[in-house]
Amino acid sequence: MSRRTAFAIQFAVTLLACAFLLVPAILSILAGVTVNYFQGILASGVTLKWVGQVWELYSDTIWRSMGIAFGCLIITAIIGIPAAYGLNRFPGRLSRIVEEFVSLPLSIPGLALALALLQLYGTIKGFRLSFWFILVGHVLYTLPFMIRSVLAVFSTIDLQSLEEGAASLGASSWQRFKDIALPNAWPGILAGALTVVTLSIGEFNLTWMLHTPLTKTLPVGLADSYASMRLEIASAYTLVFFVMIVPLLAAMLWASNRAQSIGKPS
Amino acid sequence: MFVFLCFLPLLIFSLAFLALPLVRLVSASVGGEQGWLIYAEIVSNPRYMQSLLDTVLVSLAVTIAAVLIATTAALFLTHNRFPGRSVLIASLTFPLAFPGVVIGFLIILLGGRQGLVNTISSNIFDTRIVFAYSMIGLFFGYLYFSIPRVLLTVMATAEKLDPALVEAARSLGAAPLQVLRDVTLPGLAPALIASGAIAFATAMGAFGTAFTLATNIDVLPMVIYTEFTLSANIAMASALSVLLGLVTWALLMFARSLTGTSIAASG
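One line per chain: the protein sequences are A and B, in this order. Numbering follows our numbering, with no gaps: position 240 of the first sequence is 240. Numbering follows our numbering, with no gaps: position 266 of the second sequence is 266.
Be careful, since some hints might not be right.
In silico negatives: residues of chain A with every beta carbon more than 12 angstroms from chain B [to be verified]: (1) Leu21; (2) Pro24; (3) Gln53; (4) Gly67; (5) Arg89; (6) Gln119; (7) Ser161; (8) Glu164; (9) Ser168; (10) Gly170; (11) Trp186; (12) Asp224; (13) Asn257.
Facing chain B, a subset of chain A residues (Cβ under 8 angstroms, in silico) [to be verified]: (14) Val13; (15) Thr14; (16) Phe70; (17) Ala112; (18) Leu115; (19) Ala171; (20) Gln175; (21) Asn184; (22) Leu199; (23) Pro219; (24) Val243.
One-sided excerpt, in silico: chain A residues whose CB lies under 10 angstroms from chain B [what the hints assert, rightly or not]: (25) Cys18; (26) Ala83; (27) Ser130.
No lab work stands behind these hints, which were simulated from the structure alone. We treat Cβ as the ideally placed atom computed from N, Cα and C, and that holds for glycine.
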């Protein structure tokens, strides 16, 4: 096989893969702004009325998802940043085990975690019926990303020397954490924060099991609309989701690359 | 003392919402009248074993297809610089954060009754092609969310490979396929195995896509869901969850031991 044939095959496979991913997404976006999908966009025309209807029917799920994502960010930051700092200070066997353990939600399917949470806390009605129940699930799932993202940055900088210098000048443990560790970890915190928010907004597996009719999130509302609404409304709702998630994802990938390039010559 | 305080929030949260619920899940699985024998019942029940087999087969097929396609694209995008390259990379990674339900819907738009493929085939060839509501639809759905994950892992490794090795092999007269087989692929091996394991484990545990496509696709997560919600068979749903969790966890541990990376097992 010549180099030219090899190039042609590789190029064709790449383009086909792009088409496979892009075409259904484009279909969905078009369907969301088409007056009547079965007549086609050219015959029936373009409209924003479906997006308007989505807003009337489902705006509560959008606000709730944003609220839960924000809450998730705050809680994962409060739990995850100090934990990453501690894990970096004691890089021993015990730390490895702790890290492995809190990372379990990455490798256990959300369905299994949700069943576990439901069986232990499902009978505590005040908790079960509130959005806190979903928030706990989201924190469980996103926390490992915050911890790893911050830990990855800590492990590339010589935090120990910086802290020793500060300690010799009389800085307390808290001051060293606040004034040295936190500012240095900022790229990792940013990357972790964007990952947490992106994943929280898109989370379905856990949320579907944990939600109640009064605590629907955006992806739960989407599943609901796919089952019961006309195709144009389901598509318009998906369009709203794309508009939220794609910029977040782009920011997340940018911040992750930036955090990973720390300590390397650019 | 201060460092202990740093761990405190993590310890409280993980104990209350991870350790205890998991213990409860295992104890609920053996809480029925059969006790631990419930795990023997799974093995002897043809329906559960069939669904386990189907889940493994569809996950395996997706893994092989995703690794082949994404590796080809990753190598192409790593080795060639051209205008529009970043657009191609963006369009191969944007579905990364899509939940399984959305991907199920996209597959219906592609291969459903009113889908693009059926519209084209009915109009031009006068034959109906509907594949969304079956294992084939599930295969394409899982492929949809596996390609971006595998691509990112393989590209990250491919960019670190020393281009001088490929040049050396070429200057010694190796054909493109020989270079691929003897130089590039061995260098990529850890990334290929790791991303393959991630794709496989994600497909094994995915729920949203099957949920959107059809309720009669009997992959393991769907069986767990119906056991829990429709049959209210809590012990069996818990036992199957424990089994599924152990399989995906073991696979991802294996994958991480090879590369030290992990990408979310969402969907």
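Checked hints:
1. With a least CB separation of 6 angstroms from chain B, Leu21/A falls inside the 12 angstroms interface cut-off, contrary to its annotation.
2. Consistency note on Pro24/A: stated as away from chain B, yet its beta-carbon is not over 12 angstroms from all of that chain's, at 4 angstroms minimum.
3. In this structure Gln53/A is separated from chain B by more than 12 angstroms, as the shortest Cβ-Cβ distance comes to about 17 angstroms.
4. Annotated as non-interface, Gly67/A keeps its C-beta farther than 12 angstroms from every C-beta of chain B; the closest such distance is 18 angstroms.
5. Some Cβ of chain B comes within 12 angstroms of the Cβ of Arg89/A; the nearest lies about 5 angstroms off, and the non-interface call is violated.
6. Annotated as non-interface, Gln119/A brings its C-beta within 12 angstroms of a C-beta of chain B; the closest such distance is 5 angstroms.
7. Its beta-carbon lying about 18 angstroms from the closest one in chain B, Ser161/A satisfies the requirement of being farther than 12 angstroms from that chain.
8. For Glu164/A, the shortest C-beta to C-beta distance to chain B comes to about 15 angstroms, beyond the 12 angstroms cut-off, and the non-interface label holds.
9. Remark: the non-interface label on Ser168/A is consistent with the geometry, its nearest Cβ contact in chain B lying 17 angstroms away (cut-off 12 angstroms).
10. The beta carbon of Gly170/A sits about 15 angstroms from the closest Cβ of chain B, which is more than 12 angstroms, so the claim that it is off the interface holds.
11. No Cβ of chain B comes within 12 angstroms of the Cβ of Trp186/A; the nearest lies about 18 angstroms off, and the non-interface call holds.
12. Not every C-beta of chain B lies more than 12 angstroms from that of Asp224/A, the closest at about 10 angstroms, which undercuts listing it as non-interface.
13. The non-interface label for Asn257/A is inconsistent with chain B: the shortest C-beta to C-beta separation is roughly 10 angstroms, within 12 angstroms.
14. The restraint placing Val13/A at the interface with chain B holds, with a minimum CB-CB distance near 4 angstroms, inside the 8 angstroms limit.
15. The beta carbon of Thr14/A is positioned within 8 angstroms of a beta carbon in chain B (closest approach about 4 angstroms), and the interface hint is therefore held.
16. A distance limit of 8 angstroms between C-beta atoms decides the matter here; for Phe70/A the minimum to chain B is near 17 angstroms, and the interface restraint is violated.
17. This hint holds: Ala112/A has a C-beta 4 angstroms from the nearest C-beta of chain B, less than the 8 angstroms allowed.
18. Annotation: interface hint on Leu115/A holds; nearest CB of chain B at approximately 5 angstroms, less than 8 angstroms.
19. Violation of the interface hint for Ala171/A is found here, the shortest Cβ-Cβ separation to chain B being roughly 12 angstroms, above the 8 angstroms cut-off.
20. Restraint check, Gln175/A versus chain B: the minimum CB separation of about 10 angstroms is more than 8 angstroms; hint violated.
21. The beta carbon of Asn184/A comes no nearer than 16 angstroms to any beta carbon in chain B, farther than 8 angstroms, and the hint placing it at the interface is violated.
22. The interface hint given for Leu199/A is met, as the beta carbon of that residue sits about 6 angstroms from the closest beta carbon of chain B, less than 8 angstroms.
23. Contact between Pro219/A and chain B, as hinted, is supported at the beta carbon level, the nearest pair being about 5 angstroms apart and thus within 8 angstroms.
24. Interface restraint check for Val243/A: the shortest CB-CB distance to chain B comes to about 12 angstroms, outside 8 angstroms, so the restraint is violated.
25. At about 5 angstroms, the closest approach between the beta carbon of Cys18/A and any beta carbon in chain B falls short of 10 angstroms, and the interface hint on this residue holds.
26. Interface hint at Ala83/A: satisfied, since its Cβ lies 4 angstroms from the closest Cβ of chain B, which is below the 10 angstroms cut-off.
27. Annotation: Ser130/A was flagged as interfacial toward chain B, and the flag is violated, the nearest CB pair being 15 angstroms apart, outside 10 angstroms.
Checked against the numbered hints above, the structure violates hints 1, 2, 5, 6, 12, 13, 16, 19, 20, 21, 24 and 27; every other hint is satisfied.
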